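Participant: If you read the protein sequences in the order shown, they are chains S and R.
Start counting the first sequence at 1; every next residue gets the next number (UniProt numbering).
Start counting the second sequence at 1; every next residue gets the next number (UniProt numbering).
Just so you know, the hints here were simulated from the structure itself, not pulled from any lab data.
This one's a predicted model, so the numbers in the text were calculated from it and none came from an experiment.
For each residue, glycine too, the CB sits at the ideal point set by N, CA and C.
Accuracy of the hints is not assured; some may be wrong.
Said to hold, decoys possible - No more than 25 Å apart at the CA atoms, straight line, and that leaves these computed lysine-lysine pairs for DSS-like:
#	chain 1	residue 1	chain 2	residue 2
1	R	K150	S	K6
2	S	K40	R	K150
3	S	K96	R	K150
4	R	K101	S	K37
5	S	K37	R	K171
6	R	K31	R	K122
7	S	K185	S	K167
8	S	K79	S	K142
9	R	K150	S	K37
10	R	K101	S	K96
11	S	K6	R	K78
12	S	K185	S	K163
13	R	K32	R	K21
14	S	K6	R	K171
15	S	K51	R	K101
16	S	K6	R	K31
17	S	K75	R	K101
18	S	K49	R	K78
19	S	K75	S	K142
20	R	K150	S	K79
21	S	K6	R	K122
22	S	K6	R	K75
23	S	K142	S	K227
24	S	K40	S	K90
25	S	K51	S	K40
26	R	K150	S	K75
27	S	K40	R	K111
28	S	K6	R	K101
29	S	K40	R	K101
To be verified - Cβ-Cβ distance ranges computed for the label pairs, FRET-style:
#	chain 1	residue 1	chain 2	residue 2	range
30	S	P8	R	Q175	19 to 25 Å
31	S	E103	R	Y129	33 to 39 Å
32	S	E103	R	R172	26 to 32 Å
33	R	D96	S	S244	49 to 55 Å
34	S	P8	R	G149	16 to 22 Å
35	R	P93	S	D138	46 to 52 Å
36	R	V133	S	A159	58 to 64 Å
37	S	K142	R	S98	31 to 37 Å
38	S	R295	R	V133	58 to 64 Å
39	S	A146	R	D167	56 to 62 Å
40	R	S98	S	P101	22 to 28 Å
Residues per chain are reported as follows:
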Amino acid sequence: MTTVSKFPLLQLPDEELLRTIRVMDFYQIMSFSLISKRCKQLVQSLQIKTKPEGFNVRIDTCISLDVFFPRRTIKIFLKSCDNNQTKRLKAPLSVKVNGRPLERIDFTYSDWLEHFQTIFHMSIYLDIHNGLCNYMLDDIAKGIGAIEHLFVRNTGCFATNLKLFQKLPPAEKLTIYSNTFQDFKIPLNILIQNYTTLVILGFPPTKMTLDELLVVNSKEIKMTQVKFSSQDLNKFIKFWMKGSNPRMELLLIFTFNDFQYERTIVMKGIKASNERRGGTDPHRRKDLYRMDIYRMDGTRATISFYKRGFEISTEFHHCAIEKCISH
Amino acid sequence: MSVENAPVVDVDEAAIPVEKKMYYRFESNDKKEFRVSELAIQQSETLNRLVEAMGYTSEDVENKPAIAIENIDGKTLKLVFQWCEHHKGEAIPVDDGSVPKIVEIPEFDAKLMDIDNGLLFKLIWAADYLNIVQLLNVSCKKVANMAQGKTPAQLRRVYLLPSDEEDEAAKRAAQEAQDPRAREVEEEFEERKRQGGNSFF
Chain S
1 MTTVSKFPLL QLPDEELLRT IRVMDFYQIM SFSLISKRCK QLVQSLQIKT
51 KPEGFNVRID TCISLDVFFP RRTIKIFLKS CDNNQTKRLK APLSVKVNGR
101 PLERIDFTYS DWLEHFQTIF HMSIYLDIHN GLCNYMLDDI AKGIGAIEHL
151 FVRNTGCFAT NLKLFQKLPP AEKLTIYSNT FQDFKIPLNI LIQNYTTLVI
201 LGFPPTKMTL DELLVVNSKE IKMTQVKFSS QDLNKFIKFW MKGSNPRMEL
251 LLIFTFNDFQ YERTIVMKGI KASNERRGGT DPHRRKDLYR MDIYRMDGTR
301 ATISFYKRGF EISTEFHHCA IEKCISH
Chain R
1 MSVENAPVVD VDEAAIPVEK KMYYRFESND KKEFRVSELA IQQSETLNRL
51 VEAMGYTSED VENKPAIAIE NIDGKTLKLV FQWCEHHKGE AIPVDDGSVP
101 KIVEIPEFDA KLMDIDNGLL FKLIWAADYL NIVQLLNVSC KKVANMAQGK
151 TPAQLRRVYL LPSDEEDEAA KRAAQEAQDP RAREVEEEFE ERKRQGGNSF
201 F
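Please construct the entire structure, taking both the sequences and the accompanying hints into account.
Facilitator: Structure follows, in structure tokens:
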């Protein structure tokens, strides 16, 4: 029998105790954090910094977490049952960090998620894919704290998709596929939430109405492969000038084909000034038409028409068209 | 001015003062004496400040008693000064706050720290007291390396870490030992709450 070499770590001076944890590698630090609440608090106190939006959680038939640090990325993988995926499991079968196993027998999915989020001090980018039904949504929701960016795809079950929004804590940004909901209709109670950024991805290409656009309460509204009628856009601009959608700083509607909104219809009856073509910025496209409009409170907005897109950007927004497109 | 254009001057070598190396004398708590060079002392922020404040001359060092380091024993202090002499003149590392912090243990340090865990523990305490940053980095790295390839359960045994239950029990025991009336006050408070009283005081 081999004797285990022992070292009274907690009896070191506080500073040297933390120094010892700091010089461990990531795997050792994470293993250490799982020993007890006190060990977790010690790791927390190291204030390990990830990159912005540096904690991505992807949920499909398993849960994978990517944690981005300035010099490296670690991949954490929570493995579910192989054969019987309909069976609801409270705990993953195994947890691996860059291929090396982590152990904590009594930890459920939510405990693992909460643990990682706590020790890395990060609000998360949560990416939900098909397969979520296999997990206990309540259990996952319980383990997830602040969500910086929620990315929802169709989980394969409309009821679960809806339930997600009831169970998960509110997110700062929401990216959503239109096929997440029946008939590609995003519920108004989701559109009305005051996200910082709302991104709607039309999959397949989706039509939205004026009423739906009027309830959106986000600062940045970005839509890809989503179409409105030119008449609806015309009415929307008029409503905005009268005070509708007061939080909106950017509305960007973008399509992949060469569709172009009919300028004369969209701007019919709207008093615009400073109409210009192209831009002084070298990145500006030649087919760009821009003009300024003013809301009743004096806020200026620039309307831009270009091949494949339309944008309303208020003077409070700093995002230019090409920046949004490049994203 | 380039090297080629520099004026050539004959130097009277006898006129150049020879810089005398100064060795300070230190004494451990078990009365063992050590002579340590001025340059080696610079690795320790604590000792460096101490000798600067004392302003000893070479004669003072010889005539006055050795500087006592009362909380470090001779065996540990020998290791500390061996390390300082080997690394004298090296720059003191500046902490960049990164986690994990990358630390390599040089061969000399690895051999020096080929010691039992009890002495390693004393060495870290000594390096902490004397504030020798790089010695702390390598000695803590040596302790961190004990975690390699270990599961949390194995780590608990290696580092003698209490479980949550043991921590709770210790906390309760400490509270009770500190204030024997604490439980009574708590019970009284609970009782008043049960009776529906809003004001405890």
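Participant: Holds or violated: K6/S and K78/R, Cα atoms, limit 25 Å.
Facilitator: holds, 23 Å
Participant: Holds or violated: K96/S with K150/R, Cα cutoff 25 Å?
Facilitator: Within the cut-off at roughly 14 Å; holds.
Participant: What's the verdict on K101/R and K37/S, does the C-alpha distance respect the 25 Å limit or exceed it?
Facilitator: Holds, at about 23 Å.
Participant: Per the hint of 58 to 64 Å, is the separation of the Cβ atoms of V133/R and A159/S within bounds?
Facilitator: Given about 59 Å between the Cβ atoms, the range holds.
Participant: Check whether the Cα positions of K6/S and K122/R lie no farther apart than 25 Å.
Facilitator: holds, 14 Å
Participant: Hinted pair, alpha-carbon criterion (25 Å max): K6/S, K31/R. Please report holds or violated.
Facilitator: Given that 25 Å is the threshold and the Cα spacing comes to 30 Å, the pair is violated.
Participant: With 26 to 32 Å as the target window, see if E103/S and R172/R comply at their CB atoms.
Facilitator: holds, 28 Å
Participant: Run the distance test for K40/S versus K101/R: straight-line Cα separation, threshold 25 Å.
Facilitator: holds, 18 Å
Participant: Taking the CB of E103/S and the CB of Y129/R, does the distance hold inside 33 to 39 Å?
Facilitator: Because 37 Å falls inside the window, the suggested range holds.
Participant: Has the given pair, K51/S with K40/S, been kept, meaning a C-alpha gap of at most 25 Å?
Facilitator: Measuring from Cα to Cα gives roughly 21 Å; hence the hint holds.
Participant: Can you confirm whether the C-alpha distance between K6/S and K75/R stays at or below 25 Å?
Facilitator: holds, 20 Å
Participant: Are the Cα atoms of K32/R and K21/R separated by 25 Å or less?
Facilitator: holds, 22 Å
Hints 16, 18, 23, 27 and 39 from the earlier list are contradicted by this structure; the remaining hints agree with it.
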